[in-house]
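This is what each chain is made of:
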Amino acid sequence: MTVRLDGGQVVADAYPTAATNLRCRESGTEYELEARYVCDVSFGPLEVAYDTDEIAARVSRERIAEGPQNIWRYRDFLPCAPEDPTVGLPTGLTPLVYAPRLAYELGLGEVWVKNDTANPTHSFKDRVVSVAIQKAKELGFETVACASTGNLANSVAAHAAARGLESYVFVPADLEPQKIIATGVYGTNLMAVDGNYDDVNRLCMQIADERDWAFVNVNLRPYYSEGSKTLAYEVAEQLGWELPDRCVVPIASGSLYTKLHRGFRDLIETGLVETEVPTLDGAQAEGCGPVAEAFAHGRDFVAPVRPQTIAKSLAIGNPADGAYALDTASATGGSITAVTDEEIVRGIELLARTTGIFTETAGGVTTAVLTKLAERGEIDASERVVIYITGDGLKTLDAVADQVRPNAIDPTLESFESFAATAV
Amino acid sequence: MPVIVKIPSPLRTVTAGEAQVECAPGTVRELISEVDGRYGGFAERVMDDGQLRRFVNVFVAGEDVRFGDGIETAVSDGQEVQILPAVAGG
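Chains as they are written, first to last, in the working numbering: chain P, 1 to 424; chain L, 1 to 90.
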């Protein structure tokens, strides 16, 4: 074991990955691998560039299979990783669940559910946070922080606790109580901001300018977003190194959606799989569907909206990767569809009663969009479809609380039989 | 009262390290022009072809100008203008 404690912090050596620098998506300007997210020249977003020949030379199905039972098995594709993969909260390798009853109900052929609720803090955010916090450690930060709609707050607080880092978590004050409690319990500095997520995000960008902190989704965003690619690698490995024909993916900032695309392309470009990139369908709520709106009108830019939806984890009215999400839809032959709050609740119920998986509202959005695509006849019966369920239903209990009505009886056989007689 | 234009760190290389610049009231376009008069090259960094760049967000009194009149949004005495990158969060 090379993991050690130093002044309360968990320390591990850095694994030398194939990341080479940061590069602007717009101007191509390159920067060192530092805490930076905006190009000085174009103001555009930076992303991590790699020595792709080096990656191709290193990776193989066997090397991955022999790797750790967490996301670090894909570390050759990531911007950073600990030398010892036991450090921190093990994340990933969540179940890919075959869902024949869901497929049957929707008249589809083959549907799988990537159940990413089975992460340490019950959402996919543990993937991006694992990568960001590793980078924060490598860059020598003592404090990590984030702007969050809830899931990220849970995750940053937990991973910071596991590695002994100070943390500040900024959330909209009206967040679901479950998400507030499941963040504060880790001993973070929990800041409830009187505003919506876009207000919180704006505040965090200003604080990031003033403090020497690692904001996982601000100044460390280029590294953070790379963690989402592991959701592409994992699904391919779990399908025996085959790719699905189609994926349905929730869109908030658009980062997960676009990085899944990147992840599938990584697998093809390095020869780990030989098929084509799946059709990627994006899912939004109508109450906050700026990317779906732009897609519907054939625009190449996203106009901001004021969010009003029960899907709070997707309530980003001003999505950072919105324009790139439109590119992903177009490049993969996919679509971006929005559903109503009522459809979201029905989506949560449908997934629960046909698969046994209880999702938060974001997964309700995803399931509802799958339903809509199926009803429209856009999915062929021969297709293998994967839906990404990114958060746990226990985080948004209010969304379905009214749907659940226990049958009250006395503790007697007669009382039960009396109920059973009327229920038939 | 002057208008305060808050400068994000990626732009402070242009403003000689200044985090805020005081301007006279006017539209966002006029304010950018005034800052550019003092710090040459500023307008080019935030505008392209006469419009705000795709990855530049401008807020007047906390409100995204795209909910108002865009670059023609009026800024009154004492209001604060924030220029921020559009690529954070999520």
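What the hints contain is simulated information worked out from the structure, not anything from laboratory work.
In this text the structure is predicted, and so the values were computed from the model without any measurement.
It is possible that part of the hints are untrue.
Some but not every residue of chain P turned toward chain L, in silico, with C-beta under 8 Å [claimed, not checked]:
1) Y31
2) E66
3) N201
4) V218
5) A252
6) R299
7) A303
8) P304
9) D321
Footprint (simulated), chain P over chain L, 3 or more residues, beta carbon under 8 Å [what the hints assert, rightly or not]:
10) 21-28
11) 59-65
With beta-carbon atoms standing in for the labels, derived distance ranges [what the hints assert, rightly or not]:
12) E110/P x E18/L: 55 to 63 Å
13) G41/L x G187/P: 42 to 50 Å
14) P100/P x E44/L: 56 to 64 Å
15) R12/L x V404/P: 27 to 35 Å
16) D69/L x L203/P: 21 to 29 Å
17) D69/L x A408/P: 25 to 33 Å
18) S330/P x G70/L: 33 to 41 Å
19) R4/P x P25/L: 55 to 63 Å
20) I207/P x G70/L: 49 to 57 Å
21) D380/P x P25/L: 18 to 26 Å
22) D49/L x I207/P: 31 to 39 Å
23) R54/L x R405/P: 14 to 22 Å
24) A173/P x K6/L: 47 to 55 Å
25) L139/P x P25/L: 35 to 43 Å
Built from N, CA and C at the ideal position, the CB exists for glycine as well.
The hints, checked one at a time:
no., hint, result
1, Y31, "violated, 11 Å"
2, E66, "violated, 33 Å"
3, N201, "holds, 4 Å"
4, V218, "holds, 4 Å"
5, A252, "holds, 5 Å"
6, R299, "violated, 12 Å"
7, A303, "holds, 6 Å"
8, P304, "holds, 6 Å"
9, D321, "holds, 7 Å"
10, 21-28, "violated (count 0)"
11, 59-65, "holds (count 3)"
12, E110/P x E18/L: 55 to 63 Å, "holds, 59 Å"
13, G41/L x G187/P: 42 to 50 Å, "holds, 46 Å"
14, P100/P x E44/L: 56 to 64 Å, "holds, 58 Å"
15, R12/L x V404/P: 27 to 35 Å, "violated, 54 Å"
16, D69/L x L203/P: 21 to 29 Å, "holds, 24 Å"
17, D69/L x A408/P: 25 to 33 Å, "violated, 58 Å"
18, S330/P x G70/L: 33 to 41 Å, "violated, 26 Å"
19, R4/P x P25/L: 55 to 63 Å, "holds, 58 Å"
20, I207/P x G70/L: 49 to 57 Å, "violated, 27 Å"
21, D380/P x P25/L: 18 to 26 Å, "violated, 59 Å"
22, D49/L x I207/P: 31 to 39 Å, "holds, 32 Å"
23, R54/L x R405/P: 14 to 22 Å, "violated, 50 Å"
24, A173/P x K6/L: 47 to 55 Å, "violated, 24 Å"
25, L139/P x P25/L: 35 to 43 Å, "holds, 41 Å"
Checked against the numbered hints above, the structure violates hints 1, 2, 6, 10, 15, 17, 18, 20, 21, 23, 24; every other hint is satisfied.
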